[in-house]
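Turn these sequences into a full structure, and let the hints guide you.
There are 2 protein chains.
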Amino acid sequence: MSIPFPGVAVRGSKTGKPVMALLDLLGRTWSLGILWNLNSQALTFRELQSCCEQISPSLLNTRLKELRALKLIRHQGEGYCLTELGIELFNIIEPMGKWSVSWAEVVNQGDNGGA
Amino acid sequence: MSIPFPGVAVRGSKTGKPVMALLDLLGRTWSLGILWNLNSQALTFRELQSCCEQISPSLLNTRLKELRALKLIRHQGEGYCLTELGIELFNIIEPMGKWSVSWAEVVNQGDNGGA
DNA sequence: ACATTATGCTACATATTCTGTAGCATAAGA
DNA sequence: TCTTATGCTACAGAATATGTAGCATAATGT
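So the sequence lines, in the order shown, correspond to chains A and B. 70 is the number that the numbering used here gives to position 70 of the first sequence; each next residue is one higher, with no gaps. 23 is the number that the numbering used here gives to position 23 of the second sequence; each next residue is one higher, with no gaps.
No lab work stands behind these hints, which were simulated from the structure alone. Do not take every clue at face value.
Identical copies go unnamed one by one, so any copy, or any two together, can satisfy a pair.
What the hints assert, rightly or not - Derived pair list, reagent style BS3-like, types lysine-lysine, alpha-carbon separation capped at 27 Å:
1) 71 to 14
2) 17 to 98
3) 65 to 98
4) 98 to 14
In structure tokens form, the structure reads like this:
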């Protein structure tokens with residue numbers, strides 16, 4: 001699949017609206033997980049592999065290429081880390097951490113969803 | 001794939017941490033797009049199909065089942081709409097709309113990514 | 001009553017994407 | 001030189017998504 005550059009047609013939208021490129025990117029397996037794990041710490045390729053259980057090296061590399069092309073992460077001496085843009089995006093999704101806890105309470109209240 | 005209930009092991013995490021269930025859910029094709037399109041308006045099944053170009057009815061139905069089980073959307077007379085939890089989650093991701101515009105500028109600055 | 005239209009949804013073959021494992025090339029340390 | 005680590009490629013098999021057809025139900029019209 002091609003990299004969802006903002007400004008071009010992506011899965012779900014032919015308009016080129018930037019937010020659609022972003023939703024396409026974040027909707028790909030592991031994109032969000034990689035951003036989440038790179039918060040506040042640089043990780044090597046192999047450390048990322050262990051953080052994201054089950055991700056295959058080929059797919060990890062594909063995602064890393066996409067995220068690098070879209071300037072959300074970069075590769076330095078210590079490993080992969082968020083760029084300034086990546087930090088901004090992380091700050092947007094960061095509240096999900098807290099929110100998901102109250103969400104879990106409601107979801108597991110009505111029917112016991114396995115927890 | 002099973003529904004990522006918070007509290008149980010999901011793709012990427014065996015800990016049951018709610019945020020990991022959320023990242024798994026949102027990382028599935030079209031989840032974010034459906035939530036985004038349901039903002040501020042109820043849509044019927046077929047309207048959602050046209051909003052999300054290319055989504056197949058079988059996959060749309062799968063995603064709708066997941067989102068309903070996780071109490072983010074519900075089905076009423078007028079069609080599908082966000083629940084209170086769904087609105088809360090939308091409010092978290094809503095800033096992506098504005099942010100993605102400045103992101104697009106930076107990305108298309110360095111190299112002209114097709115725009 | 002009967003056709004027409006719309007809605008929510010299922011079925012299923014094909015196409016695309018992801019996983020899992022093996023392994024290579026390079027660099028640093030012992 | 002031998003070991004260890006890193007970033008990454010290759011590729012077969014498994015899982016997931018697309019695209020098209022079509023069904024059952026309900027509302028609307030005549």
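From the Cα coordinates, with 27 Å as the cut-off, is the pair residue 71 and residue 14 best called within, between, both, or neither?
within (22 Å within a copy, 30 Å between copies)
Taking 27 Å as the upper bound on the Cα-Cα distance, should residue 65 and residue 98 be classified as within, between, both, or neither?
For residue 65 and residue 98, only the inter-copy Cα distance (24 Å) is at most 27 Å; the intra-copy one is 29 Å.
Homomeric proximity label, residue 17 with residue 98: Cα distance no greater than 27 Å:
Answer is between: at 11 Å across copies they meet the 27 Å cutoff, but 29 Å inside does not.
Check residue 98 against residue 14 for me: Cα-Cα at most 27 Å, and say if that holds within a copy, between copies, both or neither.
between (34 Å within a copy, 19 Å between copies)
Hint check: no violations occur; every hint is consistent with the structure.
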